[in-house]
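*Asks:* Sequence:
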Amino acid sequence: QVQLVESGGGLVQPGGSLRLSCSASGRTFAIGVMGWYRQAPGKQRELVATISRPGTTSYGDSVKGRFTISRDNAKNTVYLQMNSLKPEDTAVYYCSAVYAMVTYWGPGTQVTVSS
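Residue numbers (my numbering): 15 to 129.
No wet-lab data here; the hints were simulated from the structure.
Honestly, I wouldn't trust all of these hints.
[Said to hold, decoys possible] Computed list of lysine-lysine pairs in PhoX-like fashion (alpha-carbon distance at most 25 Å, straight line):
1) K57 x K78
2) K57 x K89
3) K100 x K78
[Stated by the list, open to error] Computed Cβ-Cβ distance ranges for the label pairs, DEER-style:
4) S98 x Q15: 20 to 28 Å
5) S39 x P68: 20 to 28 Å
6) S76 x V116: 33 to 41 Å
7) P28 x R67: 32 to 40 Å
8) V19 x A44: 12 to 20 Å
9) Q95 x W119: 19 to 27 Å
10) S128 x R67: 34 to 42 Å
11) T126 x G46: 28 to 36 Å
Being a predicted model, the structure only gives us computed values, none of them experimental.
C-beta atoms are modelled at their ideal positions from N, C-alpha and C, and glycine is treated no differently.
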């Protein structure tokens, strides 16, 4: 079993930056891909970014060039650096982790981009 807790969300103005963190506990030694997804009101959950244990990354088209995912395996933590934020980035952001072919989710953290 894996437990995930996100932090770092909040209110930011358009053009601003935020850094999300997600700490994993439990059977962290065998966690594979970790990632970030988001869900805006009335919309489906969508991929933001993923990162493999060795560090291979992938991004959703809407965040390429603005967001950066990184991972510290020693700390069992994944990060999401979000720059040039837009109002359309407003959503609940969820951390995910794959362990033994099961995807685990954190409770989510709200990110609101508004002036």
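*Asks:* Take the hints in turn and mark each one as holding or not.
*Replies:* Structure-based check of all given hints:
{"no.": "1", "hint": "K57 x K78", "in the structure": "20 Å, holds"}
{"no.": "2", "hint": "K57 x K89", "in the structure": "33 Å, violated"}
{"no.": "3", "hint": "K100 x K78", "in the structure": "13 Å, holds"}
{"no.": "4", "hint": "S98 x Q15: 20 to 28 Å", "in the structure": "37 Å, violated"}
{"no.": "5", "hint": "S39 x P68: 20 to 28 Å", "in the structure": "22 Å, holds"}
{"no.": "6", "hint": "S76 x V116: 33 to 41 Å", "in the structure": "27 Å, violated"}
{"no.": "7", "hint": "P28 x R67: 32 to 40 Å", "in the structure": "34 Å, holds"}
{"no.": "8", "hint": "V19 x A44: 12 to 20 Å", "in the structure": "19 Å, holds"}
{"no.": "9", "hint": "Q95 x W119: 19 to 27 Å", "in the structure": "21 Å, holds"}
{"no.": "10", "hint": "S128 x R67: 34 to 42 Å", "in the structure": "36 Å, holds"}
{"no.": "11", "hint": "T126 x G46: 28 to 36 Å", "in the structure": "31 Å, holds"}
The structure is inconsistent with the numbered hints 2, 4 and 6, although it conforms to all the rest.
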